[in-house]
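Make a model of the complete structure from these sequences and hints.
Number of protein chains: 2
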Amino acid sequence: MSKLSLYPMTLDGTDIQKKRQEIKEYFNNTFDLYEKVFELLKDDSVFYEKSEITRHPMIFYFGHTATFFVNKLINMKVISQRIDASFESIFAVGVDEMSWDDVDSKNYNWPEVSEVREYRKKVKDLVNDLIMNLELTLPITQDSAMWIIIMGIEHERIHIETSLVLHRQMPIELIKEVKDFVLCNHSDEAPVNSLIDIHSKEIKLGKTKEHNLYGWDNEYGEYKESLNDFQVSKFLVSNGEYMNFVKDGGYENKEFWDDEGKRFLDLSGLKYPVFWVLKNDKYMYRALSKIIPMPQDWPVEVNALEAEAFCRYKSKQDNKEYLLPSEAEDRAIYEQTNLKDIPNLHESGANINFNHYASSSPVNEFAFSISTSDMLYDVIGNVWQWSRTPIFGFKGFEVHEAYDDFSTPTFDDKHALILGSSWASSGNLIMKHSRYAFRKHFYQFAGFRYVVSKNTKNDEIDIYESDELISQYCEFQYGDDNFGVRNFALNMAEIASKFSINTNKALDLGCATGRATFELAKTFKKVDGVDFSARFIGVGVKLQESGFVAFHTNIEGDLTQNKKINLEELGYEKLVNKVSFYQGDACNLKPNFNSYDLIMATNLIDRLYNPMLFLQTIDERLNDDGILILTSPYTWQENSTKKEFWLGGYKDENGEEVRTIDNLKNILNNKFKLLHVEDVEFVIRETQRKYQHSIAEVSIWKKR
Amino acid sequence: MSKLSLYPMTLDGTDIQKKRQEIKEYFNNTFDLYEKVFELLKDDSVFYEKSEITRHPMIFYFGHTATFFVNKLINMKVISQRIDASFESIFAVGVDEMSWDDVDSKNYNWPEVSEVREYRKKVKDLVNDLIMNLELTLPITQDSAMWIIIMGIEHERIHIETSLVLHRQMPIELIKEVKDFVLCNHSDEAPVNSLIDIHSKEIKLGKTKEHNLYGWDNEYGEYKESLNDFQVSKFLVSNGEYMNFVKDGGYENKEFWDDEGKRFLDLSGLKYPVFWVLKNDKYMYRALSKIIPMPQDWPVEVNALEAEAFCRYKSKQDNKEYLLPSEAEDRAIYEQTNLKDIPNLHESGANINFNHYASSSPVNEFAFSISTSDMLYDVIGNVWQWSRTPIFGFKGFEVHEAYDDFSTPTFDDKHALILGSSWASSGNLIMKHSRYAFRKHFYQFAGFRYVVSKNTKNDEIDIYESDELISQYCEFQYGDDNFGVRNFALNMAEIASKFSINTNKALDLGCATGRATFELAKTFKKVDGVDFSARFIGVGVKLQESGFVAFHTNIEGDLTQNKKINLEELGYEKLVNKVSFYQGDACNLKPNFNSYDLIMATNLIDRLYNPMLFLQTIDERLNDDGILILTSPYTWQENSTKKEFWLGGYKDENGEEVRTIDNLKNILNNKFKLLHVEDVEFVIRETQRKYQHSIAEVSIWKKR
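Protein sequences, first through last, are from chains H and F. 58 is the number that this note's numbering gives to position 47 of the first sequence; each next residue is one higher, with no gaps. 187 is the number that this note's numbering gives to position 176 of the second sequence; each next residue is one higher, with no gaps.
Derived from the structure by calculation, the hints contain no laboratory data. Just so you know, not all the hints are guaranteed correct.
Think about it this way: if two alpha-carbon atoms lie no more than 25 Å apart in a straight line, the pair counts; the simulated SDA-like pairs of lysine to any residue are [to be verified]: (1) H:K701 - F:D492; (2) H:K190 - H:I207; (3) H:K190 - H:S205; (4) H:K220 - F:D492; (5) H:K29 - F:D26; (6) F:K701 - H:R696; (7) H:K701 - F:P150.
Quick caveat: nothing in here was measured; it's all calculated off a predicted structure.
In structure tokens form, the structure reads like this:
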């Protein structure tokens, strides 16, 4: 029997053709395995069901992983031809329960499953072709076109696991059994848990750019922590062990829950774990595609809030403080085993990579010897283990250009790391250095083990934006004026209000950190702020949700000044409900962004990969009498826009100079009347003594 | 017998250790061969002789190739420890007959030869160690640290050949024979030359960054030319063929010489080729280390001016136009042979790489069959062949950061390409894509062949600076004011004049394109402008020598505006002789830069690799009452200055913020009194609508 899930290939090697072959096999295995996951849905109608009200229906996920390849390849200019612009827009964003994802289904006209299957085939062919023909040198590095392919593969590996979680949350009658996904067929009484000593250690986390396995941005860099001795539970907490907490009324007793936990209890109304099923006063267990008698010795699956509550309960019982492990403690445990990383990881010794079961297994089945001659179980595999560490960027953290919002929106102190991987984890998910984090109320194939530990990370929460570019834009939009040049967002919102005819709904396209979006809400009833990058949108959303944003401004060298802005001072308290932020691609905007009285695109057109795509159809999104405002210093550059897509700044076939403003007139003339052109200066601070000082040309167009 | 000269290794491969070994062998072969070249000098006293009055003595060249490794490795921050700062300063620049090189020997205290030998050993050890231990991935690319090593090796390969030329120009009694350098021992009557047809072709020159052989900046990029059929001489022009020209009074008849040629004749007083020796009314021939009877069938060795004069003479004789070949025509010939590039080049078939002789050989010895079934001789090898093509940058030309002035100073329409390589050429010099160019009055192991051709390159001379950064600085220093901010160079020269006490001699350190250097000459009797990059100095020198400088200013995208400035308009006609430009490293300045009344370093300190080295001894170069002026926006960045060398913009060990100005006070306090501090704005134009707008802090210090 061929393996259900292959290991990922390494990035290095000496034989280019062989490497292409390895990538090809890994890609096709991933793509096929993903489709197999959707065989669990009883029939095609189930694709239009949601497993959670806050999520898109399953059809979205089915299309999403395929469009991801095309969108990233387009964005990184590896390819320039889309397969289906419509699919690549509606399936583009909306994966996470993020404030800026629009999951309201009435806004979408989902295609037929057969159409999406057809589309996936085309993507598969495209990627297979690229794998064999892209320029390739070894090792594959982050700036290689092949890196984007591997990013797409590993992205799909994540969705293999998270889609399985969503399927498991579906009503059981919508799910069918699939031959290849075999549940573990044995269980017993829960073993008695105990504590094992782990000796102190200097822990170094993070990997270098030269590492021979693919990594997400958050894995690179350096972090050090000195640990004291601590103790860790021999087993993951089993359903049996957790049962005491439930039976003792743990879900009713608020003293075990923190504020976030209490809110979760109120909203969910849960009295016991979500995958337990109370039937005739007996707890049954919801596996992937089946409800089975409670496997007492399998790990309990809970979210981080429940895991923390259990620890508080047990601390009270034993009069001893139990905690979830930290990331560094997990590494200390890992390093006491003789575990090896891919490709030398022996999957036979752990419940990972679909190698044993398509379910959890007894917490005393997979043993790992550790150097103290004890046995510790499920160091990796079975279910993920919630940690007490919120994910953060290591020293030297850098986003990858192709996926700049993979991690940064989670660096908010609210996303807890999960450790060790599950039976459904594969690819990057089972690598030593990988790091995944979720909001604490999320469900995964995740449970926990506990530690008794005096290790406290110096985790003073850094509320200040650590992202250099975002901070620069915060200063630009919310900071001080320089050289007597007035704040550009305020200026533009004022100009826009002056020229607008109707003031029902406005779109701030390329809204960045959202200042103009808020300002426009002084005039418009409703304003949508759309940006390509969730990193940028995060600022507007944070201002909306938390009432403040904190960032730093560069002074000189590494020295910075902390700044904090808040809704009251800005005078935006009453505007909060009038603005909405969304992630979106101006060159391939979702159809539901329409019916605007104003569309304002500030300093956007010379940063688009194909600005013509934006301009050609933008009129369709405007109401009668709608106003379009473009501003730009026309700094065309090849790393944003291939030369063939520049709107100006070149000589045409006759050797005539083409200026952008003239070309805009040609392009827009049929559909718009040019009302007004003016220059507006803006200044972006780099340091206390260095600034970008530009002169945008503002052109104001009225829909004909 | 082991080979005298090895082939260079390729940049690609699969076995890192093997590649290190190959680089090591190639390096040591190069380093040893270079030292062997100096064995030709009769004794150590000859090291202090000059072979040409405009050149440094030979000791300079002996030290130069070793210091090159250290200077480039320091500059690129591969190493941070110098071996001998003094050697690495005096042996650093002065290779070429460039206006900005100070070759006045009284300014130098040359070390003993034994000391330089000792120094070379240390460099050899260092480089051998780095070759084995530097981080290395394959293929080696331009951003690899190993590239700097290979650059050093290929730089020494060039000097192997050019030093041999210099030795040959030395009086014969100062040169001894060296066993390994064997002259060709046969010659005969000159063969009768004839013309061979070469058919039209579409020629593409230039190579891509992925090419598997090391290349200098000028080799990369793309250039296309459509050729018509042309004819080329079967043989290089032999001494015998050239003799007619000499005997017909060719050197006396001015009609065969252009203006540059006439000036050359006047200055040199030559009546026949420089390597011919008239003894008792008979022409003898100066070989490397011997004077021999005239080898009539060896190629004549002349400079480009003489080669052109011969062509005019022969054109008149035959009533047919003879020209030197163009670069594209040379490639057309090359492509009709079955020549292969390194590592598959068969050196047995050509007089190259020291493989046959340490001299020229008969022009009818090395035959190459070409596709027209004719034989053509010395397509490569024997002696270089002057072309009619001035070197220029291909489309996509970019300087390499580590050697940004390798080519650009030669893109002046005055440096003619030499084609095909000589018996003393090796390494990059014998690669298909390499491109070397010299001033037309220079001597190399170079002769010529002629063509009859109607091919005219569209060689409208582009006088406008093609170097983006240089143009940007020309605009900054000589262009328009923006945002009402006054020209920074004028401002600073004025401030400097106001604070100066004595006004004899000033140093403009980091002078860039030299505006402030000229301006200071309004106040000072003598002003030296020093910059790290010869690219920048070239502008000041051109203004001095040609009376004008032409550059372009970016408008939008690729569109630019041409600008031309001249001495008269600037009012600098009377100042020309008061200013001198030199290339120099502010962190390791030559001792002869001293006795100044003013040293002004504008926007320099935050671009130095180790600014402390500059500040610690700068007082020694100032006279009593001397003034030091520093200006900077303190934009410390790691790609200019490693963090450990920043003078400010960091937190110290106590967590206290260190500002640059405070640290400057600490560093300079003992030797200087701080007179004045003020802010001065400056604006650098990037495009018509985008500018860098900075605020320099100016601090003015008086020597205690």
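Distance restraint between K190 (chain H) and S205 (chain H), which requires alpha-carbon spacing of 25 Å or less | Since the Cα atoms of K190 (chain H) and S205 (chain H) sit roughly 37 Å apart, the hinted pair is violated (cutoff 25 Å).
Straight-line alpha-carbon gap K701 (chain F) to R696 (chain H), limit 25 Å = Since the Cα atoms of K701 (chain F) and R696 (chain H) sit roughly 13 Å apart, the hinted pair holds (cutoff 25 Å).
Pair hint outcome, K190 (chain H) versus I207 (chain H) [Cα-Cα no greater than 25 Å] | violated, 39 Å
Take a quick look at whether K701 (chain H) and P150 (chain F) sit within 25 Å of each other, Cα to Cα.
-> violated, 38 Å
Compare the distance between the alpha carbons of K701 (chain H) and D492 (chain F) with 25 Å, and conclude whether the hinted pair is satisfied.
-> holds, 17 Å
For the pair supplied as a hint, K220 (chain H) and D492 (chain F), confirm whether the alpha-carbon distance does not exceed 25 Å.
-> violated, 44 Å
Quick one, are K29 (chain H) and D26 (chain F) close enough, alpha carbons at most 25 Å?
-> The hint holds at about 16 Å.
Of the numbered hints stated above, those contradicted by the structure are hints 2, 3, 4, 7, listed in ascending order.
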